[in-house]
Amino acid sequence: MSEPTDPNDAPPLPRVDGYQLIREVGRGGMSTVYLARQLALGREVALKVMAPQVLGDEISRRRFENEVRTIARLEHPHIVRIHELGRTRDGLPYYSMPHLARGHLGGRDFTNDEKGAVEMATALLSALEYAHSRGVVHRDVKPENVLFDDAGRPLLADFGIALRRGFGPRVTAAGLAVGSTAYMAPEQARGEEVDGRADLYSLGVVLWEMLAGRLPYEAQDALSMALMHARDPIPKLPAHLRHWQRFMNRALAKHADQRFQNAAEMRQAMLAVRPAPWQPALGRARALAASRNGRRGLAAAAVVAGVVLGFVLWPRNLGDGFFRASAPPPPALPEPAPAPVEQAVTAPPTQDAAALALEKARAQIERGELTLPEGDNAATSVLAAWHADPAAPGVPEALDTLARAMGERIAADVRAGEDARARALFRRADELARATAQVDSPAQKALREGARKAAVDRAEDEAKKGRRDAARRAIALARDFGLPRADATRLERRIATVVEDTGGEAAVPGARVAARPVSRAEYERFVEATGRKASICRERASVLRVFAPRDWRNPGFAQSAADPVVCVSAQDAEAYAHWLGAREGGRYRLPTAAESATVAPQLPSRGVALWLRDCGPVNCQQRQVAGTSWRGQAARRPLPAGRGYDDVGFRLVRER
Numbered sequence: 239m240s241e242p243t244d245p246n247d248a249p250p251l252p253r254v255d256g257y258q259l260i261r262e263v264g265r266g267g268m269s270t271v272y273l274a275r276q277l278a279l280g281r282e283v284a285l286k287v288m289a290p291q292v293l294g295d296e297i298s299r300r301r302f303e304n305e306v307r308t309i310a311r312l313e314h315p316h317i318v319r320i321h322e323l324g325r326t327r328d329g330l331p332y333y334s335m336p337h338l339a340r341g342h343l344g345g346r347d348f349t350n351d352e353k354g355a356v357e358m359a360t361a362l363l364s365a366l367e368y369a370h371s372r373g374v375v376h377r378d379v380k381p382e383n384v385l386f387d388d389a390g391r392p393l394l395a396d397f398g399i400a401l402r403r404g405f406g407p408r409v410t411a412a413g414l415a416v417g418s419t420a421y422m423a424p425e426q427a428r429g430e431e432v433d434g435r436a437d438l439y440s441l442g443v444v445l446w447e448m449l450a451g452r453l454p455y456e457a458q459d460a461l462s463m464a465l466m467h468a469r470d471p472i473p474k475l476p477a478h479l480r481h482w483q484r485f486m487n488r489a490l491a492k493h494a495d496q497r498f499q500n501a502a503e504m505r506q507a508m509l510a511v512r513p514a515p516w517q518p519a520l521g522r523a524r525a526l527a528a529s530r531n532g533r534r535g536l537a538a539a540a541v542v543a544g545v546v547l548g549f550v551l552w553p554r555n556l557g558d559g560f561f562r563a564s565a566p567p568p569p570a571l572p573e574p575a576p577a578p579v580e581q582a583v584t585a586p587p588t589q590d591a592a593a594l595a596l597e598k599a600r601a602q603i604e605r606g607e608l609t610l611p612e613g614d615n616a617a618t619s620v621l622a623a624w625h626a627d628p629a630a631p632g633v634p635e636a637l638d639t640l641a642r643a644m645g646e647r648i649a650a651d652v653r654a655g656e657d658a659r660a661r662a663l664f665r666r667a668d669e670l671a672r673a674t675a676q677v678d679s680p681a682q683k684a685l686r687e688g689a690r691k692a693a694v695d696r697a698e699d700e701a702k703k704g705r706r707d708a709a710r711r712a713i714a715l716a717r718d719f720g721l722p723r724a725d726a727t728r729l730e731r732r733i734a735t736v737v738e739d740t741g742g743e744a745a746v747p748g749a750r751v752a753a754r755p756v757s758r759a760e761y762e763r764f765v766e767a768t769g770r771k772a773s774i775c776r777e778r779a780s781v782l783r784v785f786a787p788r789d790w791r792n793p794g795f796a797q798s799a800a801d802p803v804v805c806v807s808a809q810d811a812e813a814y815a816h817w818l819g820a821r822e823g824g825r826y827r828l829p830t831a832a833e834s835a836t837v838a839p840q841l842p843s844r845g846v847a848l849w850l851r852d853c854g855p856v857n858c859q860q861r862q863v864a865g866t867s868w869r870g871q872a873a874r875r876p877l878p879a880g881r882g883y884d885d886v887g888f889r890l891v892r893e894r
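In case it helps, this note's numbering puts the sequence shown at residues 239 to 894.
Think of the hints as simulated: they come from the structure by calculation, not from any bench.
Accuracy of the hints is not assured; some may be wrong.
To be verified - Dumping the calculated EDC-like pairs for lysine to aspartate or glutamate here, alpha-carbon to alpha-carbon at most 20 Å:
hint: 1; residue 1: K771; residue 2: E612
hint: 2; residue 1: K771; residue 2: D433
hint: 3; residue 1: K683; residue 2: E646
hint: 4; residue 1: K683; residue 2: E296
hint: 5; residue 1: K492; residue 2: E431
hint: 6; residue 1: K771; residue 2: D295
hint: 7; residue 1: K683; residue 2: D718
hint: 8; residue 1: K691; residue 2: E646
hint: 9; residue 1: K771; residue 2: E352
hint: 10; residue 1: K598; residue 2: D627
hint: 11; residue 1: K353; residue 2: E503
hint: 12; residue 1: K702; residue 2: E612
hint: 13; residue 1: K683; residue 2: D695
hint: 14; residue 1: K691; residue 2: D725
hint: 15; residue 1: K771; residue 2: E760
hint: 16; residue 1: K492; residue 2: D789
hint: 17; residue 1: K703; residue 2: E656
hint: 18; residue 1: K702; residue 2: D725
hint: 19; residue 1: K771; residue 2: E296
hint: 20; residue 1: K492; residue 2: E503
hint: 21; residue 1: K771; residue 2: D495
hint: 22; residue 1: K474; residue 2: E456
hint: 23; residue 1: K683; residue 2: E635
hint: 24; residue 1: K703; residue 2: D718
hint: 25; residue 1: K691; residue 2: D668
hint: 26; residue 1: K702; residue 2: E669
hint: 27; residue 1: K598; residue 2: D614
hint: 28; residue 1: K691; residue 2: D718
hint: 29; residue 1: K474; residue 2: E352
hint: 30; residue 1: K683; residue 2: D295
hint: 31; residue 1: K703; residue 2: E730
hint: 32; residue 1: K598; residue 2: D638
hint: 33; residue 1: K702; residue 2: E730
hint: 34; residue 1: K691; residue 2: E656
hint: 35; residue 1: K492; residue 2: E766
hint: 36; residue 1: K492; residue 2: E425
hint: 37; residue 1: K598; residue 2: E612
hint: 38; residue 1: K683; residue 2: D699
hint: 39; residue 1: K492; residue 2: E456
Using the sequences provided together with the hints, build the complete structure.
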């Protein structure tokens, strides 16, 4: 027999000036909500306090507070107002809002109330349309964030500020449960920047659940759920909801440009949905069959089903390919109530699990398996130990040891010119630090300082050798590692006075330049292996790019698998080189201008220019391209490195 819980064992309530906290009313991976009394006004409010691991540094907290101020300016009858923003005595950001005790949308049943579901969605679309018109994206539309006031009005709450880029971990076991990813658009689950179309996708899922009584995708964990939204085909609705299928196919499209583009468009399409003539009668038959009146209910259902059958068999044009003579579906059993979001997250492992993960991590660090192989490396093992028990003996030491090993590897990659590898490892270290609230730890600070120093030292060394482009590339790397803008500017001014000893970077002895550019088929294998997102492809001299965006798969003209891939950025090309080197065991990179001049490229009749390693005239945010393309551009010119172009491809150099 279990012992009753002692109230004194509960964690102490935060101390917030001006408020008396009464009790905890909700907890998630990113925040805790308390019922509180605002002392000055004598009113009860809901007070939301962010978790310390979500906003691990001062920059994140200030950015979060700026976002809250933006949300607080929203005034709409279907959006919950924010009363006040502040910090607890422990320095954690909080905000207060009305305490709405009438429950949330997840506790209401609309499976036999299609009209009510549409009215609910209409109200929420009104709120989203208003927010989107002011540049605000909700990012976390789900039933638990639709609350009801005393008049029964739905109010959209809890704008997903903490889900935005820059506020710590994005899709982690600690931060998101199945309850969030169940409604999340594919691009948001991938961690990409999102716009209002992601909110409309989430609302489409909410409407599906209201109508059908269940989610379109069901999984046991957040990652599996996110993958289903990104990859699985849109399911078929039950027969009695078939008239909604076309709407849902667009609302839940995988790509944002294939969905409704704004709330008004979605509302218009939703209000235009009409059931077939026989479907209202079928709905009443289902309701009667599921009632508790026993045989009377079933008999009445049989009568109504006969009427339905008459509708179905009567020759007429029902339109939209609806079936005609199928039997009505059997009565559906009631769906079990969905488990709370908190219960959807797997319970944390025991301390023994932390010890096992630490033992594995130590061996992986010793072998140098810091972030590879994917899913079975030191970073994964240390994170698993931290999730099991952050306070377990050895966990803080393992985090520091891994940070030091990562820092040494990053500095070595910088010195070796492996910029793509150094950036990737630095990014992984930063993600691990944010996920474990270690951003300000001495080991993480040392990692960042060491990475910056290695890049600055390389820049100065390249400048002494007269290699201005190489020096600029090292400065760009230092910027990515957090070098202050003023320091970077001073360094760039010094570099600008360097007299170059060549027209670009010198050729590396022993390097072999490929004559043939990378083909579409080769690049496609890279994308399939890494999931890399297509870059924006700029079509110069064409306003149609706004309405018909291009990418490497669809550059605007026909290509074969053997043709040079175009519409890829210089950053894409470097990522491909890094992937190819890891797969084949060599070192690949873009050629310098000097190297490119030694081997004429083998190009098809539709000529393309080719990316070079050399930086632009100011910094490495631009890269040089060489060769005259089918557009007749200059033989050598700088272009922004983060964009693709429909007349620019790339080839690689392999160093021995």
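Hints versus structure:
1. K771 to E612: holds (19 Å)
2. K771 to D433: Holds - the C-alpha atoms of D433 and K771 are around 17 Å apart, at most 20 Å.
3. K683 to E646: Within the cut-off at roughly 13 Å; holds.
4. K683 to E296: holds (14 Å)
5. K492 to E431: Since the Cα atoms of K492 and E431 sit roughly 15 Å apart, the hinted pair holds (cutoff 20 Å).
6. K771 to D295: violated (29 Å)
7. K683 to D718: holds (15 Å)
8. K691 to E646: holds (12 Å)
9. K771 to E352: violated (38 Å)
10. K598 to D627: holds (16 Å)
11. K353 to E503: holds (19 Å)
12. K702 to E612: Violated. K702 to E612 sits at ~39 Å, over the 20 Å cutoff.
13. K683 to D695: holds (18 Å)
14. K691 to D725: holds (12 Å)
15. K771 to E760: Holds. K771 to E760 sits at ~16 Å (cutoff 20 Å).
16. K492 to D789: holds (17 Å)
17. K703 to E656: holds (19 Å)
18. K702 to D725: Answer holds: K702 to D725 is near 18 Å, not above 20 Å.
19. K771 to E296: Violated - the C-alpha atoms of E296 and K771 are around 31 Å apart, more than 20 Å.
20. K492 to E503: holds (18 Å)
21. K771 to D495: Status holds; Cα separation ~15 Å.
22. K474 to E456: holds (14 Å)
23. K683 to E635: holds (15 Å)
24. K703 to D718: violated (23 Å)
25. K691 to D668: Given that 20 Å is the threshold and the Cα spacing comes to 17 Å, the pair holds.
26. K702 to E669: Violated: K702 and E669 sit about 35 Å apart, past 20 Å.
27. K598 to D614: holds (10 Å)
28. K691 to D718: Answer holds: K691 to D718 is near 12 Å, not above 20 Å.
29. K474 to E352: Holds. K474 to E352 sits at ~17 Å (cutoff 20 Å).
30. K683 to D295: holds (12 Å)
31. K703 to E730: holds (15 Å)
32. K598 to D638: holds (16 Å)
33. K702 to E730: The hint holds at about 13 Å.
34. K691 to E656: holds (15 Å)
35. K492 to E766: holds (17 Å)
36. K492 to E425: holds (8 Å)
37. K598 to E612: OK: K598 and E612 at ~15 Å, within 20 Å.
38. K683 to D699: Violated - the C-alpha atoms of D699 and K683 are around 24 Å apart, more than 20 Å.
39. K492 to E456: At roughly 17 Å apart (the allowed maximum being 20 Å), E456 and K492 satisfy the hint.
Checked against the numbered hints above, the structure breaks hints 6, 9, 12, 19, 24, 26 and 38 and satisfies the rest.
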